[in-house]
Every structure is written in C-alpha cells, then in structure tokens.
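Chemist: Sequence order for the protein chains is A and B. Start counting the first sequence at 384; every next residue gets the next number (the working numbering). Start counting the second sequence at 3; every next residue gets the next number (the working numbering).
Each hint should be verified, as a subset may be incorrect.
Said to hold, decoys possible - Pairwise CB distance ranges, derived in the manner of DEER restraints:
{"hint": "1", "chain 1": "A", "residue 1": "Ala-394", "chain 2": "B", "residue 2": "Tyr-60", "range": "41 to 47 Å"}
{"hint": "2", "chain 1": "A", "residue 1": "Lys-493", "chain 2": "B", "residue 2": "Leu-740", "range": "20 to 26 Å"}
{"hint": "3", "chain 1": "B", "residue 1": "Ser-531", "chain 2": "A", "residue 2": "Val-449", "range": "45 to 51 Å"}
{"hint": "4", "chain 1": "B", "residue 1": "Arg-622", "chain 2": "A", "residue 2": "Ile-390", "range": "43 to 49 Å"}
{"hint": "5", "chain 1": "A", "residue 1": "Lys-493", "chain 2": "B", "residue 2": "Glu-202", "range": "53 to 59 Å"}
{"hint": "6", "chain 1": "A", "residue 1": "Pro-400", "chain 2": "B", "residue 2": "Arg-622", "range": "44 to 50 Å"}
{"hint": "7", "chain 1": "B", "residue 1": "Pro-722", "chain 2": "A", "residue 2": "Ala-394", "range": "50 to 56 Å"}
{"hint": "8", "chain 1": "A", "residue 1": "Leu-494", "chain 2": "B", "residue 2": "Tyr-60", "range": "21 to 27 Å"}
{"hint": "9", "chain 1": "B", "residue 1": "Leu-723", "chain 2": "A", "residue 2": "Pro-400", "range": "34 to 40 Å"}
{"hint": "10", "chain 1": "A", "residue 1": "Val-449", "chain 2": "B", "residue 2": "Val-664", "range": "21 to 27 Å"}
As the list claims (entries may be wrong) - Going by beta-carbon spacing under 8 Å, a handful of chain B positions derived as facing chain A:
{"hint": "11", "residue": "Leu-570"}
{"hint": "12", "residue": "Ile-650"}
{"hint": "13", "residue": "Thr-659"}
{"hint": "14", "residue": "Ala-753"}
{"hint": "15", "residue": "Leu-757"}
No wet-lab data here; the hints were simulated from the structure. These figures come from a predicted structure and were not determined experimentally. Note that beta-carbon positions come from the ideal geometry of N, C-alpha and C, so glycine has one too.
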Amino acid sequence: MKSNTLILHTAALFIMPLQLMFSVFLLFRGHDEPGGGFIGGLVAAGAFVLYAFAFGSEATRRILRVAPRDLLAAGLLFAIVSTIPAFLSGQPMLTAHWWELPLPGENYLKLSTPLIFDIGVYATVLGTIMTFVINLMESDE
Amino acid sequence: MLLAVLSGFLLAIVAPALHRISGRYIGWVLAILPASLTVYFASLIPDVRANGSLVLEYAWMPGLDISLNFLVDGLSLVFALLISGIGTFILIYAGAYLAGHKYLARFFVIMLSFMASMLGLVLSDNLITLFVFWELTSITSYMLIGFNHEDMEARKCALQGLFVTVAGGLALMAGLVLLAIMSGSYSLSEILASDMALHEHAFYTAAVICILAGTFTKSAQVPFHFWLPNAMAAPTPVSAFLHSATMVKAGIYLMARLNPSLGEGELWSQALMLFGAATMFTGAYLAFSSTGIKKVLAYSTIMALGTLTILIGVGTELALTAFICFLVAHSLYKGALFMIAGALDHETGTKDISRMGGLRKSMPATAVIACLAALSLAGLPPVFGFIAKELLLESLLEAPFWSVGLTVAAVASAVLIVGVAGLVAIKPFFGSTANTPKTPHEAPFGMLVGPGVLSLIALLFGLAPFLPEGALLQTAVGSVNGSPVETHLALWHGVNVPLVLSMGSLALGLSLLAGWRRIQPTLYAINTSGARFGPEAGYFRLMEGITIVAAWQTRVLQNGVLGLYLLLLVAVTFGLTGYTLLTKQGITLALDLTDSHFYEWGIALLLLAAAVFASATHSRLGSVASMGVLGFGVALTFILFSAPDLGITQLLVETLTVILLVLVLFKLPEFVNLSSPFERYRDLAVAAFAGIVMTLLILASLDVQYFETISSYYVENSGPLGHGRNIVNVILVDFRALDTLGEIFVLSLAALGVLSMIKLKAEDQHKP
C-alpha cells in the first residue's frame with residue numbers, strides 16, 4: 384500500500400524531518416515542560432507513519448535502518464541500563480542519579496538516569512507502533 | 003556477595019564470545035569462575051564460624067519489602083561450596099563431553115545461569131528473592147533438560163519436569179507468603195532469629211502443606227518422583243550437576259533452612275518421615291530393577307533425597323549431623339558417578355549396564371574412580387559415605403518415634419543400594435569382556451579430573467573426618483538445628499548395632515547382586531505393568547484432563563465473537579461497579595452547572611454527536627472517523643482543564659489509533675448486518691446501563707473524598723527531589739518509574755503478540 388499523490392510525497396519529505404526533530408525536542412524538554420519519552424515516541428511514530436503512507440513499508444524499513452522489533456529491545460535495554468548506577472551505588476532500584484556537565488558560559492547540561500529511562504520509553508513506544516504499522520501494511524502485500 | 007551471585011549471569015552473557023576465542027578449552031576457561039567462587043566462599047568460613055551467620059544487605063525494592071539481602075551461615079555456605087565446587091568440575095567435564103557440539107556456547111550460557119540461580123537460591127535472605135531464584139532454577143533446568151530440543155522425547159521430559167516443579171513452586175509461593183504473615187517478616191534471618199511458636203499459629207498447617215508441596219515436587223519425593231529419571235534426557239553433565247548439588251537439593255535446602263522455625267510441629271516431622279521413607283525405599287527398589295546406567299543412578303538419587311528428608315523430619319541433633327554428612331557425601335559420589343556414567347556412555351556407545359563388562363582393561367583409571375565413588379554410595383569404609391551411613395542408622399535407631407519402621411526401611415534400602423553400587427562399579431568393569439557398540443578406550447583427561455577429585459575428597463573426608471567437621475560441618479548442623487551442636491565424627495565407632503546392620507546389608511546386597519541377571523527382568527516386568535497405576539500415569543491423565551477443559555472453556559468463552567466479549571466485559575465491570583456504588587455510596591444527582599462556559603457545552607455536544615454517529619452509521623470508515631472526533635474532543639477537554647501532557651498524548655494516540663484502524667479495515671470484508679434486532683436492543687441496553695453507571699460514578703466522585711489526595715506531595719517534591727518542573731513526567735520516569743518499566747514491558751509484549759499474530763496468519767495463507 385502506498386499512495387502516488389505528489390502532494391503527500393512532497394509534504395512527507397518536508398514534514399518528516401521537522402516532526403522527528405520536534406519529537407527529540409519533546410523528549411529532552413519533557414522533564415520541565417509538557418513532553419517526555421511517551422509523547423516524543425508517539426510524535427516520531429507519527430512521522431514514520433506519514434512516510435510509510437507516502438512511500439510504502441519497504442522504504443520505511445530502509446529509513447528506519449533497524450527492524451522495529453529491535454527498537455523494542457533497545458528501548459527496554461535503555462530502561463534497564465538506567466537502573467545500573469543505582470544498583471552499583473547500593474541504592475534501591477531506579478533511584479535517580481544526576482550529573483551536571485558545565486558548558487561554555489553559565490549553562491549546565493543536566494544528564495540523568497531518568498533521561499536514559501525516558502529514551503528507553505521513547506524507543507519502546509516508537510518500536511511498538513512501527514511494529515504494528517509496518518507489519519500490518521506488509522501483511523496484505 | 004552480590005557480585006558473587008550475579009557473576010554467573012554476567013559470565014553467561016559473554017560465554018558465546020569466550021567460546022569463539024578459547025575454542026576447545028572453553029570448559030577450562032569458564033571453570034575459572036566457579037573455582038574462584040569456591041575460594042571466595044571458603045574464605046568466608048572463619049567469619050561464619052566465629053559469628054554463626056552473616057547478613058549482607060542490599061535494599062533492592064524497599065517499597066515492596068523485597069531486598070537482595072544475603073544470608074551466609076553454615077548451611078548456606080555448605081550448599082554454596084558444593085554448587086561452586088562441583089560446578090567447576092562439571093564445566094570442565096562438559097567442555098570435554100560435549101566437545102564439538104554445535105550448541106556448546108548455548109549450553110554454557112544456560113548452565114552458568116542455572117548455577118548462578120542456584121547460588122542465589124541458597125544465599126537469599128529474602129523470601130521473595132529466594133522464590134524468584136527458585137523459579138529461575140526451574141526455568142533454566144527446563145532448558146537444560148530439553149537441551150536436545152530436536153528430540154521429541156527430550157522436549158516432553160523437560161516439559162514434565164517444568165510442570166511438576168512449577169506447580170509445586172506456585173504452592174511454595176503461597177506457603178512462603180503465609181510464613182511471612184505468620185512471622186511478620188520476609189527476611190529469613192529475622193524469621194529464624196524470632197522465638198515465636200509458629201506451630202501454634204492458625205496458618206501453620208496450611209503453610210506447611212504449601213511449602214512441602216513445593217519442596218517435595220522439587221526434590222522428587224514420592225509421588226512426584228517420576229520427573230527426575232525422565233530428566234535424564236539431558237546431556238550427562240547436566241544430570242551430574244542436577245543430581246549432585248543443585249535443583250533437587252533446592253527442596254532439601256529449603257526444608258533444612260526452615261526446620262528451626264517449622265520443625266516443632268508434629269505435622270512437619272511426620273510428613274517428612276513418612277514421605278521420606280516411602281521415597282527412600284521406592285528409589286532404592288527402582289534403582290535396583292533398572293538397566294540403563296543413568297536410570298540406576300537417577301533412582302538412587304531419589305533414594306538419597308528420601309533419606310535426607312527423613313533425617314530432617316527426625317530432627318534430633320544426631321539426625322541433623324547425619325543429614326549434613328549424608329548431603330555432602332551424596333553430592334560428592336553422585337557427581338562423580340554421573341560423570342563416570344557419561345564417560346562410559348561416551349566411550350562404549352551404550353547406556354545399558356547389562357551390555358557392559360570387563361572394561362577395567364581398556365579404561366583402568368575410570369574403573370578405579372568408579373570403585374572409589376561406589377564405595378561411598380554403598381556406604382563402606384574408608385570413605386565419607388560410610389560415616390554418613392553409620393550416622394544415618396544410628397540416628398534412626400534413636401529416633402523419638404517410628405524408630406523401628408524407619409530403621410527397617412533404611413536397612414532394606416541399604417541392601418538394595420549395595421546391589422546398585424555393585425551394578426555401577428563391578429558389573430561394567432569386571433567379568434568377561436562384553437561387545438559394546440564402540441571400541442572402548444580411556445576417557446579424556448577433562449572427563450576424569452572431576453570424578454577423580456570428587457572421589458579423592460570423599461576418601462580424604464572419610465580418613466580425616468575432623469577436617470570438614472572442624473571447618474564447616476559443625477556450624478552447618480547448628481544452623482539446621484537452630485542452635486549450636488557438638489558433633490563427633492569418626493570413621494571407627496567400635497562394634498555397635500549400626501555396624502552390624504551395615505555388614506548384614508552388605509552381605510545381603512552382594513548376594514542380590516549375584517542374582518541380578520536372573521531377578522532383574524522379572525522386576526522390570528512387574529514395574530512396567532504396575533506403572534499403569536503409578537503417579538506418572540496420573541500425571542498424564544491430569545494433563546489430558548487439562549487439555550480437555552481448556553478446549554471446552556475456549557469453545558465457550560473464547561468463541562471468537564468479539565461483540566460477545568465486549569458485552570460480557572462491559573456488563574460485568576459496570577454491574578459490579580454499579581452494585582458497589584449503590585450499596586456503599588448511594589446516588590448523588592446534584593450537579594452545579596452555573597460557571598460553565600459556552601465552549602464547554604460546544605465540546606460536550608460534539609462528543610455526543612460523534613458518539614451517536616459512530617454507533618448508528620453503516621460505514622466502517624465513518625465510525626472510525628467519528629471515534630476519532632470523540633477522542634479529539636476528549637483531548638480538547640484535557641487541554642481546557644490544564645492537563646497539556648494528557649491532552650497531547652490523547653491527541654497523538656487518537657491519530658495513531660485511527661491510522662491503525664484504517665489499516666486493519668482494509669482487510670475486512672464488506673459490512674453486513676449479522677445481528678438480530680433483539681441482539682441490537684440488548685447491546686443498546688447494556689451500553690446505556692454502562693453510560694448511566696459511569697455518569698453516576700463521576701457525579702459521586704465530585705463530592706466524595708475517601709483518601710487525602712497525594713498530588714500535593716508530587717507538586718511539592720517534583721522540583722527538589724526529581725529535578726523537574728513537569729510533574730507528569732517526573733512521576734513517569736522517577737517517582738513511579740517501576741510502574742513505567744512494567745508498562746513498557748507490557749507494551750513490547752503486546753507488539754510482539756500482534757507481530758506473531760500477523761506473521762502466523764500470513765504463513766497460514768501461504769499454505770495450499
């Protein structure tokens with residue numbers, strides 16, 4: 384299943400990169416403003432679904448580079464990895480750890496295990512939806 | 003300690019890579035880990051002897067009272083040493099036995115995980131963690147037994163072992179929870195330290211039955227013994243490990259561990275003695291009447307497990323000393339004998355004892371080791387097995403009750419076991435040379451070092467029993483007893499009743515052995531015809547029954563009519579909710595609409611219109627689209643009432659749902675109306691009922707507050723504790739991250755479920 388309209392093709396090519404960037408933006412700002420891994424993952428999935436509608440599932444697989452179900456595994460792995468710092472320092476599971484990296488000027492880059500965890504959520508959500516969509520699209524081909 | 007337990011899992015992860023690097027020396031390389039663990043555990047001995055027990059703490063999920071605390075005392079240390087010590091030799095042995103096997107790397111992955119689970123089991127202080135490791139051993143042993151997964155028989159046996167042990171595991175979990183309720187703690191060290199009279203508690207009987215159901219299935223007690231001989235489908239190194247130090251000993255460990263707390267009740271000791279005695283005798287008898295060398299050994303393990311159970315049940319200081327000695331002796335000789343059996347199988351090409359003979363000429367080293375190990379099995383001097391057996395008989399003679407019956411059973415088993423030892427050590431190696439499928443020659447060094455060292459240790463312990471006694475055994479007996487015990491192990495006790503009984507059983511056993519060739523076929527025939535009424539037949543009937551019930555309930559409940567599922571779900575959910583609402587709360591109809599805005603009314607009307615359209619339309623696409631409108635309306639409501647995160651999520655989920663539904667709709671046939679008017683009115687009634695209950699529920703929730711709201715806690719603490727201003731996100735990834743972790747696992751499982759459904763469907767269609 385893929386559409387052959389010029390409008391959708393052009394729009395998809397323009398919108399998808401923007402939407403992906405927006406999803407990453409949502410992911411990173413999630414801790415302070417509306418957003419987060421779940422919403423970010425959904426937006427990213429929306430971008431890929433749009434692309435899939437325009438160019439078909441084969442092309443979407445290529446642009447994703449990894450199999451959707453590997454995204455699932457990667458997401459769960461990220462979430463598990465985020466528990467390791469707490470584990471090593473002998474704290475209860477999923478205790479948050481924060482590291483602040485100084486940047487030029489007066490800014491700090493805040494890195495944390497919740498962020499790693501959120502990236503895991505992002506990848507899992509994206510992987511789930513892409514597994515659904517791509518396989519459903521391919522099942523009738 | 004945490005690292006000691008988890009290192010097996012970590013090594014399992016890198017084992018395949020190591021296999022590629024080290025090639026045929028993989029067994030030796032991997033054995034470094036259990037060897038160093040043995041040294042580490044041995045280094046804890048002085049500390050444990052001085053303090054009685056050590057508790058190493060690590061709070062894992064304190065909110066759920068689940069910790070990764072480790073309890074190290076005499077008993078757990080004996081087990082840890084056996085697991086890691088014998089594990090070392092098993093890995094070396096497996097490297098040689100399975101050399102060149104195409105799944106060797108996979109074998110080591112499972113084996114190491116199994117070993118680590120077993121270590122976790124015997125070292126856990128927390129009941130929940132103990133249970134998790136317990137189930138891990140069931141799962142990993144399932145994969146080990148079914149390792150030759152292309153063999154139908156192996157798969158069946160593995161599944162049988164899994165079903166039996168996991169069914170027991172479920173009972174065990176209930177028992178452990180009851181135990182925790184009774185004693186008020188999930189920590190073993192606290193339970194053992196408290197001097198509460200647990201056997202007077204109302205839950206005592208239930209807890210003991212549940213826990214014993216778990217330990218009896220795991221430790222293959224009659225009538226659950228049938229899974230163990232079938233587990234022989236596993237490669238020999240697995241059998242050697244499973245039987246000597248792990249898996250079946252897990253149940254024994256737990257009984258010994260809980261003996262100080264639960265052992266005061268009569269139910270406990272009587273059940274253990276009764277089932278133990280039945281198991282001991284059945285095992286010895288079946289061992290003597292089998293021909294396959296691994297079967298013989300497997301049944302003799304059952305006999306040993308029965309003996310250990312009896313000794314815990316008797317529970318006197320002498321009996322517990324005998325328990326620890328028998329445990330160590332059995333682990334040493336059984337590990338050795340299984341490895342020998344594997345070597346024989348490997349070199350001669352047959353497992354049938356009656357087809358072996360005169361092998362001492364071609365396999366002299368194997369013969370010497372086998373004889374040494376068999377001495378221990380038969381309980382003859384000068385090896386450690388002799389001391390254990392003397393103690394066993396002595397403690398049964400002095401048992402507080404049922405002493406005569408137990409002694410008779412033990413002597414009868416001893417007679418048979420002497421015969422069994424002869425079968426294993428004399429029959430294959432002496433007498434005239436028999437023709438075997440392969441021309442036999444000496445087993446490789448890797449396959450002999452394990453049994454050799456284990457047999458020598460048994461000999462050393464026999465000649466100098468004060469060495470293990472002083473080091474650890476006395477402390478171990480103390481931890482099974484609950485208070486320190488003075489033990490006096492010696493090879494020579496003088497001429498006394500146990501010695502006379504031993505000698506008598508030796509003579510009888512040897513004469514039985516002489517007639518084995520004549521008796522065995524008769525016994526075998528009796529066993530085969532009796533098996534129709536045995537517990538294994540019961541197991542198969544039960545499994546058939548379950549399949550029939552499952553098929554029936556699937557036909558009735560899971561009949562594929564989605565409308566019916568939905569109807570039942572909605573009716574039951576809202577029926578129960580409505581009932582609770584009416585009885586607990588009553589109906590509130592007050593609703594204040596004075597400060598509502600016109601746009602809120604607009605959204606409400608939009609929602610209503612969309613809902614009506616969705617249920618009335620004949621076009622699938624139309625109803626999906628109007629469902630989308632419904633969702634967007636709800637999202638709008640979220641945004642109006644300042645819940646932007648929810649709003650955005652709802653918006654995105656709605657969009658994607660519509661897309662997914664459209665994708666599925668393409669595959670559906672034309673819309674036809676299949677339901678009768680009656681069915682449609684019934685559905686309407688249920689839907690209206692659900693709507694009314696929901697409305698009443700919301701109205702009620704407006705002016706009732708049962709609990710103080712916790713949102714203020716999150717509002718106040720998300721900044722200082724969670725370093726974030728977006729409360730929703732801080733809750734998701736920090737405060738309640740464990741929930742989120744569970745949710746993303748569920749999400750992934752759902753994705754995999756859908757994936758397999760689509761793929762399976764596609765494959766079906768490709769078939770002609």
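Chemist: Confirm or reject each hint.
Modeler: Hints and how they fare:
no., hint, in the structure
1, Ala-394/A <-> Tyr-60/B: 41 to 47 Å, "violated (54 Å)"
2, Lys-493/A <-> Leu-740/B: 20 to 26 Å, "holds (22 Å)"
3, Ser-531/B <-> Val-449/A: 45 to 51 Å, "violated (60 Å)"
4, Arg-622/B <-> Ile-390/A: 43 to 49 Å, "violated (25 Å)"
5, Lys-493/A <-> Glu-202/B: 53 to 59 Å, "holds (57 Å)"
6, Pro-400/A <-> Arg-622/B: 44 to 50 Å, "violated (34 Å)"
7, Pro-722/B <-> Ala-394/A: 50 to 56 Å, "violated (45 Å)"
8, Leu-494/A <-> Tyr-60/B: 21 to 27 Å, "holds (25 Å)"
9, Leu-723/B <-> Pro-400/A: 34 to 40 Å, "holds (37 Å)"
10, Val-449/A <-> Val-664/B: 21 to 27 Å, "holds (26 Å)"
11, Leu-570, "violated (26 Å)"
12, Ile-650, "holds (5 Å)"
13, Thr-659, "violated (10 Å)"
14, Ala-753, "holds (4 Å)"
15, Leu-757, "holds (5 Å)"
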